[in-house]
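Please work from the sequences and hints to get the whole structure.
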Amino acid sequence: ETGVTQSPTHLIKTRGQQVTLRCSSQSGHNTVSWYQQALGQGPQFIFQYYREEENGRGNFPPRFSGLQFPNYSSELNVNALELDDSALYLCASSPPGQGAFGANVLTFGAGSRLTVL
Amino acid sequence: AQSVTQLGSHVSVSEGALVLLRCNYSSSVPPYLFWYVQYPNQGLQLLLKYTSAATLVKGINGFEAEFKKSETSFHLTKPSAHMSDAAEYFCAVRGLVDNQFYFGTGTSLTVIP
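Chains as they are written, first to last, in the numbering used here: chain A, 295 to 411; chain B, 612 to 724.
Among these hints, one or two may not hold up.
Just the calculated beta-carbon pair ranges, DEER-fashion [what the hints assert, rightly or not]:
1. A:Gly297 <-> B:Lys669: 41 to 49 Å
2. A:Asn365 <-> B:Ser620: 26 to 34 Å
3. A:Gly310 <-> B:Pro651: 24 to 32 Å
4. B:Thr716 <-> A:Glu376: 33 to 41 Å
5. A:Ser359 <-> B:Gln653: 20 to 28 Å
6. A:Glu376 <-> B:Leu631: 23 to 31 Å
Listed next, the stretches of chain B that the computed footprint assigns to chain A, with coverage defined by at least 3 CB atoms under 8 Å from CB atoms of chain A [unchecked claim]:
7. 667-674
8. 686-697
Hints are computed from structural coordinates only; laboratory data are not their basis.
Each residue gets a CB set at the ideal place from its N, CA and C atoms; glycine is no exception.
Rendered as structure tokens:
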């Protein structure tokens, strides 16, 4: 079975630009969540998608938005990039379980490292 | 919101020595608790999880953790460190109300040959 794949692996943007990060969930997983991991920090929950709808959100502003597609893949969009948005963005998928919130399993991708100049 | 605190951002042990990484959680009820490992330039990999079954949880690569409600702790141990254990370790809790995962700030483990 394939794991969680993310693209691109690295990218550089300038302040004010917009970025789209992509994630393909592990086979059989229907819940996708996104995390921001700043340098030297633990992952911070951004939001989660189930059945193509956002069903949980962390303390991130509206310029962080996302999508989930019928094949359970997902996108993270960040508008009006700021220097503090520089981080590793991790996507994680979960198999069905506990209703809309997925089972107690997170399978992570290797991440997309975003640098904002 | 629930949270976890990892004591010690850096831990160094000699190869073959005991590994002890500390994690305390804040919760009024026993939560779901996890330990993840992150190798350089990789995502997080689940080591083990506690979901209110046995309090001593065994994971991969010889790691185990014990849930102690009285101490609100979930420390990670391994009897004998191996060079390949050098990595960043994260403790995490899953909130019972919001179902979100909350991660600690991580502990970087160095293994000295």
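How the hints compare with the structure:
1. Checking the proposed 41 to 49 Å range against glycine 297 of chain A and lysine 669 of chain B shows it is violated: the Cβ atoms sit about 23 Å from each other.
2. For asparagine 365 of chain A paired with serine 620 of chain B, a C-beta distance near 39 Å fails the hint of 26 to 34 Å.
3. A hinted range of 24 to 32 Å holds for the C-beta pair glycine 310 of chain A and proline 651 of chain B, which are about 31 Å apart.
4. Look at threonine 716 of chain B against glutamate 376 of chain A: about 22 Å separates their beta carbons, and that is not inside 33 to 41 Å.
5. For serine 359 of chain A and glutamine 653 of chain B, the hinted distance range of 20 to 28 Å is satisfied, since their beta carbons lie about 27 Å from each other.
6. Taking 23 to 31 Å as the suggested C-beta distance range, the pair glutamate 376 of chain A and leucine 631 of chain B does not conform, at roughly 39 Å.
7. Look at the stretch 667-674 of chain B against chain A: 0 of its residues bring a Cβ nearer than 8 Å to a Cβ of that chain, fewer than three, so the hint is violated.
8. Residues of the stretch 686-697 of chain B lying with their CB closer than 8 Å to a CB of chain A number 0, which falls below the three-residue condition for coverage.
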